[in-house]
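The whole structure should be built from the sequences, with the hints applied where relevant.
Residues per chain are reported as follows:
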Amino acid sequence: AQTVTQSQPEMSVQEAETVTLSCTYDTSESDYYLFWYKQPPSRQMILVIRQEAYKQQNATENRFSVNFQKAAKSFSLKISDSQLGDAAMYFCAYRSWGAQKLVFGQGTRLTINP
Amino acid sequence: DTGVSQNPRHKITKRGQNVTFRCDPISEHNRLYWYRQTLGQGPEFLTYFQNEAQLEKSRLLSDRFSAERPKGSFSTLEIQRTEQGDSAMYLCASSVSSSTDTQYFGPGTRLTVL
Numbered sequence: 001a002q003t004v005t006q007s008q009p010e011m012s013v014q015e016a017e018t019v020t021l022s023c024t025y026d027t028s029e030s031d032y033y034l035f036w037y038k039q040p041p042s043r044q045m046i047l048v049i050r051q052e053a054y055k056q057q058n059a060t061e062n063r064f065s066v067n068f069q070k071a072a073k074s075f076s077l078k079i080s081d082s083q084l085g086d087a088a089m090y091f092c093a094y095r096s097w098g099a100q101k102l103v104f105g106q107g108t109r110l111t112i113n114p
Numbered sequence: 001d002t003g004v005s006q007n008p009r010h011k012i013t014k015r016g017q018n019v020t021f022r023c024d025p026i027s028e029h030n031r032l033y034w035y036r037q038t039l040g041q042g043p044e045f046l047t048y049f050q051n052e053a054q055l056e057k058s059r060l061l062s063d064r065f066s067a068e069r070p071k072g073s074f075s076t077l078e079i080q081r082t083e084q085g086d087s088a089m090y091l092c093a094s095s096v097s098s099s100t101d102t103q104y105f106g107p108g109t110r111l112t113v114l
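Order-wise, the sequence lines are chains A and B.
Heads up, the first sequence is in the working numbering, so the first residue is 1 and it goes up one at a time.
Heads up, the second sequence is in the working numbering, so the first residue is 1 and it goes up one at a time.
Rather than coming from a laboratory, the hints here were simulated on the basis of the structure.
Mixed in with the good hints, there may be bad ones.
Dumping the calculated SDA-like pairs for lysine to any residue here, alpha-carbon to alpha-carbon at most 25 Å [unchecked claim]:
id: 1; chain 1: A; residue 1: K101; chain 2: B; residue 2: S58
id: 2; chain 1: A; residue 1: K73; chain 2: B; residue 2: T100
id: 3; chain 1: B; residue 1: K57; chain 2: B; residue 2: Q84
id: 4; chain 1: B; residue 1: K11; chain 2: B; residue 2: R22
id: 5; chain 1: A; residue 1: K78; chain 2: B; residue 2: Y104
Here it is as structure tokens:
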């Protein structure tokens, strides 16, 4: 079974600075998807960014980018120019190719200091 | 597109009672998922529907849990004879069959079993 590990329960960053959230996963599969979801306090989870394992190029979405290291089974999220609205729980998730369920990590709580 | 909606948002019940939650997916989304999220943890997959067919169930879904999606639109999740360990946030998500198949989450139903 696949597992996802987020080793940083909490992170904090000064507004406008850059922060990197870590995620590692364990799988024997070669084709899969990886995701970062954001869950603001008392609000619903939203997708931040996704990466297909067959793509070597790292995904980017505006201020959000990933560092996907397939051999190391690592998938970190970099948030540039942090904003107060980025404060949330961030979850890393894995989905097997052809499957539907998401396997989530434990989450990292990100605090933005003004 | 009004997003995924879930009702009720909060439910407090006594141990041994039955509860039912409802999820309305984004219109035209043919896939619907239920997850459970306990405090401080990432969501865990419970079950998944494609149209009205329940295609996958987690081992977490004990005999006391049942989910339905009778007309391929809204879904209900029923928990019979609730236990204190059932206290959690129950999340619903939906997606449309596609190459991206992004899951969009609802706000969740928070269940407290006294």
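Problem - Distance restraint between K101(A) and S58(B), which requires alpha-carbon spacing of 25 Å or less - result: Satisfied, since the Cα-Cα distance of roughly 10 Å is no more than 25 Å.
Problem - Given pair status - Y104(B), K78(A), alpha carbons within 25 Å - result: holds (22 Å)
Exercise for the section: Please work out if K11(B) and R22(B) have their alpha carbons no farther apart than 25 Å. Expected result: Within the cut-off at roughly 12 Å; holds.
Exercise for the section: Measure nothing beyond the straight line between the CA atoms of K73(A) and T100(B); if it is 25 Å or shorter, mark the hint as holding. Expected result: holds (21 Å)
Exercise for the section: Take the C-alpha atoms of K57(B) and Q84(B), compute the straight-line distance between them, and say whether it is at most 25 Å. Expected result: holds (22 Å)
Figure legend: structure checked against the earlier numbered hints; every hint is met.
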